[in-house]
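Chains H and P, in that order, give the protein sequences. Everything in the first sequence is counted per the numbering used here, starting at 263 for the first residue and increasing by one. Everything in the second sequence is counted per the numbering used here, starting at 263 for the first residue and increasing by one.
This list has only true hints and no planted wrong ones.
Below are the DSSO-like pairs computed for lysine-lysine, each with C-alpha atoms no more than 27 Å apart in a straight line:
hint, chain 1, residue 1, chain 2, residue 2
1, H, 392, P, 431
2, H, 409, P, 499
3, H, 359, P, 460
Rather than coming from a laboratory, the hints here were simulated on the basis of the structure.
2 protein chains.
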Amino acid sequence: MATLKVPPSVPSPAEDSEQLRKAFAGWGTNEALIIQILAHRNSAQRNLIRKTYADTYGEDLLKELDKELSSDFERIVLLWTLDHAERDALLANEATKRFTASNWVLMEIACSRSSHDLFMVRQAYHARYKRSLEEDVAYHTSGDYRKLLVPLVTSFRYEGDEVNMTLAKSEAKILNEKISGKAYNDEEVIRILSTRSKAQLNATLNHYNNQFGNAINKDLKTDPKDEFLALLRATIKCLTCPEKYFEKLLRLAINKLGTDEWALTRVVATRAEVDMQRIKDEYHRRNSVPLDRAIAGDTSGDYEKMLLALIGHGDA
Amino acid sequence: MATLKVPPSVPSPAEDSEQLRKAFAGWGTNEALIIQILAHRNSAQRNLIRKTYADTYGEDLLKELDKELSSDFERIVLLWTLDHAERDALLANEATKRFTASNWVLMEIACSRSSHDLFMVRQAYHARYKRSLEEDVAYHTSGDYRKLLVPLVTSFRYEGDEVNMTLAKSEAKILNEKISGKAYNDEEVIRILSTRSKAQLNATLNHYNNQFGNAINKDLKTDPKDEFLALLRATIKCLTCPEKYFEKLLRLAINKLGTDEWALTRVVATRAEVDMQRIKDEYHRRNSVPLDRAIAGDTSGDYEKMLLALIGHGDA
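Bound conformation, chain H alone (with noise of 0.2 Å):
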């Protein structure tokens, strides 16, 4: 369930174009009007106002954001603006790059889009960046992160509902044997857990459950201080329920001491037109405070308005 709020008469993307155009004339920027148009815009109609204001400016709305935003509220409008699969190209760019690298990143757009938009975003990829997504991946990891992040960008998950019980029993097994032998790089692991559908996995971490008494998670937190663990629990828990990863992320974010602003952003605009309502929800359950609440305490000014627009408390 999206938060996005898009109002029930919305004007035309010439019109939207327009007020853009105006919002960036002058000596100050009208960054309330930007926010009151492109915060309460869909995918679609986002795609149009960017067609619109080319056809009809001759330039780049998102050229002309770049140059009259700045720091934190700039990037989320850049990213919020981008369509989905452009935006997840950047990002997972951005991702492989030396000082902003993130197999979290990475793993996060792998396992939390659907077979068909993680697909686009290697589409999206090529048409951006004359390379594959998985080319700038396995070139710029190593060791363990290459091998579990590579097949996990690459997947193409088969999406029906379809549960194979006595592979469920199998796999449940492999994987506690390698677990419980602390071999976590191990192939199989892997190779479970980067081919099979959600459906599948979910039926095989629940029989993992039953038969072997924890859930698999908390047989892969033996070193808190381990890295590649923590990757291995994000991925079974992005991939089983996304919206206890985002909850995570976004606690993490806000609690840190300065906030992080990166994994903000890139949370509210990843997900305001798919789960916001689902993260929030369980935001509000697992720290007794809502998410807007939060957000306003640890940010300020037109970021702040705009983040909280996106995760539906704005007037639409």
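With chain H's structure known, arrange chain P on it following the hints.
Chain P only, in chain H's frame:
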């Protein structure tokens, strides 16, 4: 360049369906009529015939063919009649089964199809088998073969012409180091072969040849009995010179005592609409015998007629 010959004026799908229905009627089957129609229609036309046949007679054309035909002739007519993505999904699925397992077929589908066509195979695999291609490949392979084949079948290579010469040099060096050290299954070797664009790989391998004095496939021939090395060489050939790869497959299939119909059928059914003309030229050059004469000498009956029609020998 395809060898498929489509007549200048093609009957409507309804007329073709009616003729096929007649070919199945009564005691005998009219194989000549089946060849005359199906061997001279392109992929879109065959799909329309299947659809029209099902709409008109309430029967699946493929099931009818399966009932009426037998052995090698049946197999080539069925494979040919399928859409390329369905056909490859079927071949790949067979290649993961116990008695028909074939690492070569999996590699061939992964390396000789375009990135987009390979993705369509993965979609067709979902639809037909309710599982993902990589899931079955990973489950039914192990060791070095799994390490190589899973990244190959999940690849979505960039297809532009851009080449990075600095990268070509550095990766040629990596390949040479690993191969000199007999680390043929090294993850860097597999990363380069499975993720780089065909244009980039070609530049890398040209540099390898110039810099280190041998074509890479010569350096990979240290042990002619090593099956993994043979698969690696075939992978490189299939990625860089598919017509040479297919020529060799045909040569081995035909020269074999007792002809390898399985391979012969596969190559003809999958390449007739793609690059069979180039494969024929290469075959003639390499064997001093035209392919149609070689096929005619080694096969017979309707199977022979169908093969010859598809490689452009029959009248359209």
